[in-house]
Amino acid sequence: MYINGVIELRYVKLPKENTYEFLERLKEWGVLYAPVKISEKFYDFREIDDVRKIEFKYNRTIMPPKKFFFLPKEKIFEFSISKAEYNEAIENVEPFIVFGVHACDIFGLKIMDTIYLDELPDKYYKVRREKGIIIGISCVPDEHCFCNLRETDFADNGFDLFLHELPDGWLVRVGTPTGHRIVDKNIKLFEEVTTQDVCEFREFENKKNQMFKYHEDWGNLRYLLEMEMEHPMWDEQSELCLACGNCNLTCPTCRCYEVQDIPNLDGDTGARIRRWDSCQLRSHGLVAGNHNFRPTKKSRFMNRYLCKNSYNEKLGISYCVGCGRCTYFCPAEISFVENLRTILGLKDDSCPPEVAEEMPKRGFAYSSSMGGEE
Amino acid sequence: MSEKVRVGFYALTSCYGCQLQMAMMDEILHLLDKAEIECWFMVERNSDEDREVDIAFIEGSVSTQEEIELVKKIREKARIVIAVGSCAVHGGVQSWDKDKEFNELWKTVYGDAHVKFEPKMAEPVEKYIKVDYKLYGCPPEKKDFLYALGTLLIGSWPEDIDYPVCVECRLRGNPCILIEKGEPCLGPITTAGCDARCPSYGIACIGCRGAVRDVAWFDSLALEFKKKGLTKEEILERMKIFNAYNPKLEEMVSKIFEEGE
Ligand code: SF4
Ligand code: SF4
Ligand code: SF4
Ligand code: SF4
Ligand code: SF4
Ligand code: SF4
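In order, the protein sequence lines correspond to chains A and B. To convert, note that position 97 of the first sequence is 97 in my numbering; the numbers rise steadily by one, no gaps. With positions in the second sequence counted from 1, the corresponding number in my numbering is that position plus 374.
For reference, chain B alone in the conformation it holds in the complex (with noise of 0.2 Å):
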């Protein structure tokens, strides 16, 4: 490739947390010689918005009506969309309400306090625009961060990880506290690329990357916690953590409780 790749990165509202992942990067370095970086404020002074790009990273999710303009923006001046981090792709921690009344979640929050902007709940960026590729995770791993990139700049299409995170506890050799000690981890239908992080501390996990595509089996695992003495609200709670936006995860689970025993 002789020209280079111009690389953009925006941020809606989050945590920052995604961007700092990628840009305390070493390896970002060696991008330099590849890319341009067009708009990236934590790591570019001289960034701009209204600039072409080849590649969009978005971080955040959409939670006000200047970002919807900004997402739609960003869309039409980019080849690729890439969703960084749960906010942009699933809506985030944010989202973990938003089935309760918009106003009660403000006040919540935010108390009486007057803002600049007109609020709204927390969405997903698929919700406004067509997303090409999504790096999940709360943050991100950097290792999925460099694939996308690197695949992209050899002319390929990086692949979407379809598969649990069981499967890297498995590979790990690491003791499942599910079956064990009857913790109510989300392995089982979360997306893997953490290399099964938390069950590696003994820790359940809390699905902080999503979902898995369409093979999250939210009845089966509801099931499985139902026998383990979980209840329907305990379960719809802890699977909503990142999930909310899940079109299916409600109705998987109420499933399992209107079969009875």
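For reference, chain A alone in the conformation it holds in the complex (with noise of 0.2 Å):
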């Protein structure tokens, strides 16, 4: 199976007939989480007791899978002033899996991995990473979806078990050693993939690929919203927005947080806590001296956009993975894809005859001249 350290993909078929009993046979790797509805509209990923309230046709869940990994809200460390010392609160991280993970939500994890692993190491991150096991499930588009246009409607990695729908099943790629060992374990529920099996991956795939609702070039879209700053779109729908910070929340790939120390009252000991934050509030913009380097509601909004289109270089793909949920979860409505589409010309009202009279000096990451008045 392994050639010079690399996994060998392999694929076997899990007939639908036997689905609910492999599922049930995750339970013996781990606590199982899977999406599930929460509510008329709303999916979750959820902890599974009952394998057959599982959701394999799901939109997109309200909250992102980083949230087994990245929790919403941790305690970081326990202080004593008097003592001045802190202790660590990384609890025992027990293993779980986490099944029904779209393409796009896996590469969402890939970013947060090329942060939190690598760039600024994070151990209650990888701690949790290391006890996750990801079982991906094929999916299609529904209107908010972009993947497509991300490059990220297909993984080819970050996974350890990948379910490609099928009439009769699922055609299951392998990707780690751990995918390996769930398989052969349970290898009486899984059959060999025939060349029908092939024929109806490939037409899914193809099929997939035509239901999504915008085929085009995004190419150059850095470069236009670099050049873009004044468009009255900023303006426009900055003006709609509530700063309700539900798009960063959301989001698959938004890795800022917001530390607190929570003291006890007995003047000496406390904890630290941290939470997700969201560039559209006030505070994240606000340093030392109470200065703001994003003071207004238009530069915060601004900043989503610029920070979500910015590449991953390691990755070579955008932070933004097109999965669909700042859109679908904006209690303003507001269109992330059609904004963008504006700024690309894509859309009728979108070439206004100014271009931005100060062009940015350094990548717009560093941008701090984005603003408007209060």
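For the record, the hints were derived by calculation from the structure and aren't laboratory data. Note that CB positions come from ideal geometry on N, CA and C, so glycine has one too. Among the hints, a few may not be true.
Straight-line C-alpha distance at most 25 Å; calculated DMTMM-like pairs for lysine to aspartate or glutamate [unchecked claim]:
id, chain 1, residue 1, chain 2, residue 2
1, B, Lys378, A, Glu165
2, A, Lys73, B, Glu401
3, A, Lys185, A, Glu130
4, B, Lys378, B, Asp424
5, B, Lys622, A, Asp235
6, A, Lys67, B, Glu377
7, B, Lys602, A, Glu236
8, A, Lys41, B, Glu625
9, A, Lys314, A, Asp277
10, B, Lys600, A, Glu239
11, A, Lys298, B, Glu450
12, B, Lys606, A, Glu333
13, A, Lys41, B, Glu624
14, B, Lys601, A, Glu239
15, A, Lys75, B, Glu554
16, B, Lys408, A, Glu78
17, A, Lys83, B, Glu632
18, B, Lys602, A, Glu333
19, B, Lys516, B, Asp569
20, B, Lys622, A, Glu130
21, A, Lys213, A, Asp277
22, B, Lys629, A, Asp235
23, A, Lys297, B, Glu632
24, A, Lys57, A, Glu78
25, A, Lys57, A, Asp277
26, B, Lys517, A, Asp277
27, A, Lys297, B, Glu377
28, A, Lys298, B, Asp424
29, A, Lys75, B, Glu625
30, A, Lys308, A, Glu119
31, B, Lys606, B, Glu632
32, B, Lys555, A, Glu130
33, A, Lys298, B, Glu401
Label pairs and their calculated CB-CB ranges [to be verified]:
id, chain 1, residue 1, chain 2, residue 2, range
34, B, Glu608, A, Glu216, 39 to 47 Å
35, B, Thr605, A, Asn206, 16 to 24 Å
36, A, Glu203, B, Lys555, 36 to 44 Å
37, A, Lys314, B, Lys555, 17 to 25 Å
38, B, Asp536, A, Glu203, 17 to 25 Å
39, A, Arg10, B, Lys555, 28 to 36 Å
40, B, Lys501, A, Lys27, 55 to 63 Å
Make one complex out of these two single chains by using the hints.
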């Protein structure tokens, strides 16, 4: 199975009738999480007791799978001022399985890895990442999906197993030694992949590709965003924005957090906690001396667009993986995709005569001059 | 800290829910080593409003002439003044109809009864004195009280909450009832800290913690509510329950309706 340390992908078939049995057996590997319906329209990954409650055809979860590794809120250490010491609060993480992750979200996790495993190693993230088993599942786009434009519609790695839907079961790709072990241990549930299955797989993928709302070239998006800082879209759309933070808090690749020290009443001990942050909030750009380098709603609104469309050098993709959450879960009904298409000149009203007077001198990620009047 | 911190808890016109919330906390016992309670009628018989304190907690809205004098006195005798709860911070629910004729309101509530004090429209404490820190909510959260006090006890300054309820709603993984059911949830404009209590039960937030600082976008939310079919009056009525004193509310909501479609 191993050739010079590279894991050979392996393909097996899980017949439909064995699906629930397989899911049940997954629980032997740890706590099982999978998408379930949490309300009329929304889904989320939740702990699974009854495997029949799992949704195989969901559009997107309200919380991205990063929530298992980078917790929405967690205690990072406890401190004592008199003893001048602190104790990290890394809990003992038990193995767990996240079943049913879509390709875009697998890329989302890969992006999180480039930050919290490589760039700014984070032990809280790492310990959970090591214990988490990822099982992907194929999907078809709804009107908000644009992973095709982000090249995140098909994951080659970043999963232990990936289940592709077939008319009579699943074509399973095995991606890691853990994936191999899971299949081997349950080998009786699997069959060999037939030529027919390969045809069905190909057809599914072709159909998926055709289902995307847009097939267009976004290659020059980052250039245009830099040059269109004065575009009227920014004023119009940021005016609608509630600054509620939902777009960041549902995004699979937002990684900012806010920390707070919570002292106890003994005047000595306490704990430092962190929670997901959003750059749409006032305090995100607040620095010492009460200076805010993103003082207006508009500048904060723009920041997300610039951050999400910047490039992750390591993976060669943008930080936005096209999952559609920031639009789908925006209470103000602001469409991220349509706004980007305005900038790209793919909508009628997209070409004002004037170009931004001041071109940014450095990459837009550093642009501090974005602004407007509060 | 060797010397004990002197604490006072004062009540203006309110339901006493805030005090009760604080007084019922087990944690308050830990405080007794660190603090001297100079004035808190609910828990300390030997209370005196005239003593100097380091931290003064004020509950209730300023609703009588006597209370105006009282808050001024507290300010003079306290190093730090903390407004506790919606009444003290924003004027409370009793300010909801503040734009109506006062005599009319008075009649509705008290009829022709005679009272011993000189009444006036309920107002936030900040209207009369400088407030150093605010504990939002109706009633406020125990954890906010503990956080503020704990932070002051280690000689640091507590952070203000400057983000909306939606943030906590998302962190809890709730569905969004504004999007899904078109409920007029005030989460986007309301100060967080309650862990999105109401939306977690599927109930729209009515904004009891008050509008979030200068980042409550009444206009954008009014537009969204308008799209969902609410009238200007309905929107104002709802947003004013706990924000009647907000100087920007009316103007921002009106703007949306002037602009037309
Ligand atoms: S964005 Fe792409 S990968 Fe993600 S759910 Fe939609 S179709 Fe699937
Ligand atoms: S979710 Fe929508 S309204 Fe909320 S901050 Fe993001 S863009 Fe603004
Ligand atoms: S800066 Fe904003 S868009 Fe970028 S990762 Fe942080 S929260 Fe997300
Ligand atoms: S920016 Fe929006 S579409 Fe892109 S990954 Fe984040 S939530 Fe998904
Ligand atoms: S339910 Fe209310 S508080 Fe929760 S995200 Fe929606 S608007 Fe915000
Ligand atoms: S959700 Fe809104 S109404 Fe409910 S407790 Fe929180 S701030 Fe108050």
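#### Entry: Restraint status (C-alpha distance of Lys516(B) to Asp569(B) at most 25 Å)
Measuring from Cα to Cα gives roughly 12 Å; hence the hint holds.
### Query
Is 16 to 24 Å right for how far apart the beta carbons of Thr605(B) and Asn206(A) are?
violated, 50 Å
### Query
Does the alpha-carbon distance linking Lys57(A) and Asp277(A) stay inside the 25 Å limit?
It is violated: about 30 Å lies between the C-alpha atoms, which goes past 25 Å.
### Query
Is the straight-line distance between the alpha-carbon of Lys602(B) and that of Glu236(A) 25 Å or less?
holds, 20 Å
### Task
Could you grab the alpha-carbon distance between Lys314(A) and Asp277(A) and see if it respects the 25 Å cut-off?
The hint holds at about 24 Å.
### Message
Holds or violated: Lys602(B) and Glu333(A), Cα atoms, limit 25 Å.
### Response
The given pair, whose Cα atoms are some 12 Å apart, holds under the 25 Å limit.
#### Entry: Agreement of Lys517(B) and Asp277(A) with the hint, judged by alpha carbon distance not exceeding 25 Å
holds, 20 Å
### Task
Verify the proposed pairing of Lys41(A) with Glu624(B), using a straight-line Cα cut of 25 Å.
Given pair Lys41(A), Glu624(B) is violated - Cα atoms ~34 Å apart, limit 25 Å.
### Query
Regarding the pair Lys185(A) and Glu130(A), is the alpha-carbon distance no greater than 25 Å?
OK: Lys185(A) and Glu130(A) at ~20 Å, within 25 Å.
### Holds or violated: Lys298(A) to Asp424(B), with C-alpha atoms at most 25 Å apart
Violated, at about 49 Å.
### Query
Given the proposed pairing of Lys601(B) with Glu239(A), does the C-alpha separation stay at or below 25 Å?
Holds, because 15 Å separates the two Cα atoms, which is no more than 25 Å.
### Message
Checking one constraint from the list: CA of Lys213(A) to CA of Asp277(A), max 25 Å. Satisfied?
### Response
Answer violated: Lys213(A) to Asp277(A) is near 31 Å, above 25 Å.
Hints 1, 6, 8, 11, 13, 15, 17, 20, 21, 24, 25, 27, 28, 29, 32, 33, 35, 37, 38 and 39 from the list above are not met by this structure, while the remaining hints are.
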